[in-house]
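A.B. asks: UniProt numbering applies: residue 1 is where the sequence shown begins, and numbers increase by one.
Because the hints were derived from the structure by calculation, they are not lab data. Check each hint, because a few of them may be wrong.
[Unchecked claim] Below are the SDA-like pairs computed for lysine to any residue, each with C-alpha atoms no more than 20 Å apart in a straight line: (1) K287 / K360; (2) K360 / K333; (3) K255 / N299; (4) K48 / N94; (5) K246 / R223; (6) K193 / D340; (7) K79 / D109; (8) K254 / K347; (9) K287 / V408; (10) K360 / E278; (11) K246 / K48; (12) K246 / L284; (13) K375 / T312; (14) K233 / R218; (15) K360 / L392; (16) K254 / H179; (17) K216 / K193; (18) K333 / S323; (19) K233 / E278; (20) K255 / K233; (21) K193 / G92; (22) K360 / N319; (23) K287 / N299; (24) K79 / Q130; (25) K233 / N304; (26) K333 / A308; (27) K48 / Q130; (28) K375 / D340; (29) K216 / G92; (30) K287 / K353; (31) K293 / R315; (32) K360 / R416; (33) K347 / T312; (34) K287 / R273; (35) K347 / K246; (36) K216 / K254; (37) K79 / R118; (38) K333 / R213.
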Amino acid sequence: MNGKAFHARRGDFSRAPRSRGDAAPRAAERVPAAAPAEDFVAPWVQMKYFTFNPNVYPRFVGATSGGIAPGTQVRVYGKDGAPFGHGFYNAGANIPLRVFAHGADALPDDYFERALRRAAALRTETLRLQETTDAFRVVHGDGDGLNGLVVDKYGDVLSVEVFSLAVYQRVRQWLPALHDALGTTRETVQLVKGFGSMENARGCEGFCTPGLRETKIRENGVRYAVDFENGHKTGFFCDQRDNRAKLATFCAGKKVLDLCCYSGGFSLSAKVRGNAAEVTGVDLDEKAVAQAKRNANLNQTRVNFVHADAFTFARQMRNNGESYDVVVLDPPKLINGRDDYEDGIAKYHDLNKVALPLVKRGGLFATFSCSGLLKAEDFEATVVRTAHRLGLRLQILDRTGAGADHPVMSNYPEGRYLKALWAIVL
């Protein structure tokens, strides 16, 4: 496998987010008597076919009121002319219509401020994440009814990733509500890779608080430095917080291998929280490895971080007769689109094929996928089939995903992108 496969990183929201955090209204409530187009509230967009997915692709878009500026908030009507909801419209974008609310009623002027404060309250009042960490996801796109917006909190910093022109046009107005709700003071805003072509928008640029390059966070007793200049996505992967804590429970006195370690999240949790005897972390990204080493120093501990392709390293260790009590395999996103699906499955097979033999019999194998297009059952089937072809059995202990600060909305199952399989290798 070519090492270039590991340059991509986790959980892409370019397919975007959804509506209110409320349950979808019943059809009878959602579909009043149909109205002719002349009675539509402008600006409006009419759907050609029904879809309850928040991302409405070009073939589903019908008539419009015309002359709609890119990023405009519009009323959305169904094929039958009945009021359907509210969305953002950008005719030239890959996803021209992004529906964020359903129903016929007009939205209050403070609709988005309420949605942002509701998202913050879920993390601080319901989940009470601040009791164990100062780093968590505050807005998870469709999972919070805020299409095209991802926000992570790192200490006093809000790290924002923008996926739509409409959100880009409004994000400066929205952030003060989150700062007020969370007590944060600084911000960094970046656009998803390929934003210009995806949104048919040129000249859009990210921005940040002057001088902001890095901040430090704590998570379950482990400290990390978050590098906003060189880090991937928003700088750190909060989605693995619960899985990092879970891994630590298996590591006391053990020899641990962390493949595709990025900035050392699993490695340091195993060493600092889990009291592992020996930990090796491997990643192809030289800057990530340098950051992992800095994180080890921050925790005043020693981890052997190696700059290497995970596939090549694992194969070499197997040839050397090395084995480990615990092996973690957390590759970057390997399926970026439907055209990549079969190739991505082959890559997952190949990676697990070289990682599994490194686990001592009776040892733990924790393997992950962050490809949203890959269903959990298909990921598990790939891992199990790979193990069986190697003559190995897996005693499956658990199946997990992202933490509760990454909620999934029922009409956007693609939001459940992170899958994990925990198994004893026999």
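A.B. asks: State for each hint whether it applies.
C.D. replies: Outcome of the hint check:
1. With a C-alpha separation of about 31 Å, the suggested pairing of K287 with K360 is violated against the 20 Å cut-off.
2. For the proposed pair K360 and K333, the alpha carbon gap of about 27 Å is over 20 Å, so the pair is violated.
3. With a CA separation close to 19 Å, the supplied pair K255 and N299 stays within the 20 Å bound.
4. Taking the CA atoms of K48 and N94, the gap is near 17 Å; set against the 20 Å cutoff, the hint holds.
5. The hinted pair formed by K246 and R223 meets the criterion: a straight-line CA distance of about 17 Å does not exceed 20 Å.
6. Taking the CA atoms of K193 and D340, the gap is about 18 Å. The hint holds against a cut of 20 Å.
7. Between K79 and D109, the direct Cα distance comes to roughly 27 Å. Violation of the 20 Å bound is thereby established for this hinted pair.
8. Taken as a hint, the K254 and K347 pair is broken in the structure, with Cα atoms around 28 Å apart against an allowance of 20 Å.
9. Taken as a hint, the K287 and V408 pair is broken in the structure, with Cα atoms around 32 Å apart against an allowance of 20 Å.
10. As the CA atoms of K360 and E278 are separated by approximately 15 Å, the hinted pair is consistent with the 20 Å bound.
11. For the suggested pair K246 and K48, the alpha carbons sit about 47 Å apart, so the restraint of at most 20 Å is broken.
12. Between K246 and L284 the CA atoms are separated by roughly 25 Å; this puts the pair beyond 20 Å, and the hint is violated.
13. Pair hint K375 plus T312 does not hold up; C-alpha atoms about 27 Å apart against a cutoff of 20 Å.
14. For the hint pairing K233 with R218, the CA-to-CA distance comes to about 19 Å; that is within 20 Å, so the pair holds.
15. With a C-alpha separation of about 11 Å, the suggested pairing of K360 with L392 holds against the 20 Å cut-off.
16. At most 20 Å may separate the alpha-carbon atoms for a hinted pair to count; K254 and H179 exceed this at roughly 42 Å.
17. Using a Cα cut-off of 20 Å, the hinted pair K216 and K193 is violated, with the two alpha carbons roughly 25 Å apart.
18. Of the pairs offered as hints, the one joining K333 and S323 is violated, with about 26 Å between alpha carbons and a cut-off of 20 Å exceeded.
19. For the hint pairing K233 with E278, the CA-to-CA distance comes to about 29 Å; that exceeds 20 Å, so the pair is violated.
20. Between K255 and K233, the direct Cα distance comes to roughly 30 Å. Violation of the 20 Å bound is thereby established for this hinted pair.
21. With a CA separation close to 17 Å, the supplied pair K193 and G92 stays within the 20 Å bound.
22. Straight-line distance between C-alpha atoms of K360 and N319 comes to about 15 Å, which keeps the hinted pair within the 20 Å bound.
23. Restraint check: the Cα-Cα separation between K287 and N299 comes to about 19 Å, which is no more than 20 Å; the hinted pair holds.
24. Restraint check for K79 and Q130: not satisfied, since their Cα atoms lie roughly 45 Å apart, outside the 20 Å limit.
25. Using a Cα cut-off of 20 Å, the hinted pair K233 and N304 is violated, with the two alpha carbons roughly 25 Å apart.
26. This hinted pair checks out: K333 and A308 have alpha carbons roughly 18 Å apart, not beyond 20 Å.
27. Taken as a hint, the K48 and Q130 pair is broken in the structure, with Cα atoms around 45 Å apart against an allowance of 20 Å.
28. At most 20 Å may separate the alpha-carbon atoms for a hinted pair to count; K375 and D340 meet this at roughly 14 Å.
29. Proximity of K216 to G92 is assessed by CA-CA distance (about 40 Å); at most 20 Å being required, the pair is judged violated.
30. Taken as a hint, the K287 and K353 pair is broken in the structure, with Cα atoms around 27 Å apart against an allowance of 20 Å.
31. The suggested pairing of K293 with R315 is violated, with an alpha-carbon distance near 23 Å, which exceeds 20 Å.
32. Pair hint K360 plus R416 does not hold up; C-alpha atoms about 31 Å apart against a cutoff of 20 Å.
33. The straight-line distance between the Cα atoms of K347 and T312 is roughly 13 Å, inside the 20 Å bound, and the hint therefore holds.
34. Our distance criterion of 20 Å between C-alpha atoms is broken by K287 and R273, whose separation comes to about 24 Å.
35. Note on K347 and K246: the hinted pairing is violated, with a Cα-Cα distance of about 26 Å set against a maximum of 20 Å.
36. Annotation: proposed proximity of K216 to K254 is violated, straight-line Cα distance about 28 Å (limit 20 Å).
37. For the given pair, K79 sits about 32 Å from R118 by alpha-carbon distance, which is inconsistent with the 20 Å threshold.
38. Using a Cα cut-off of 20 Å, the hinted pair K333 and R213 is violated, with the two alpha carbons roughly 25 Å apart.
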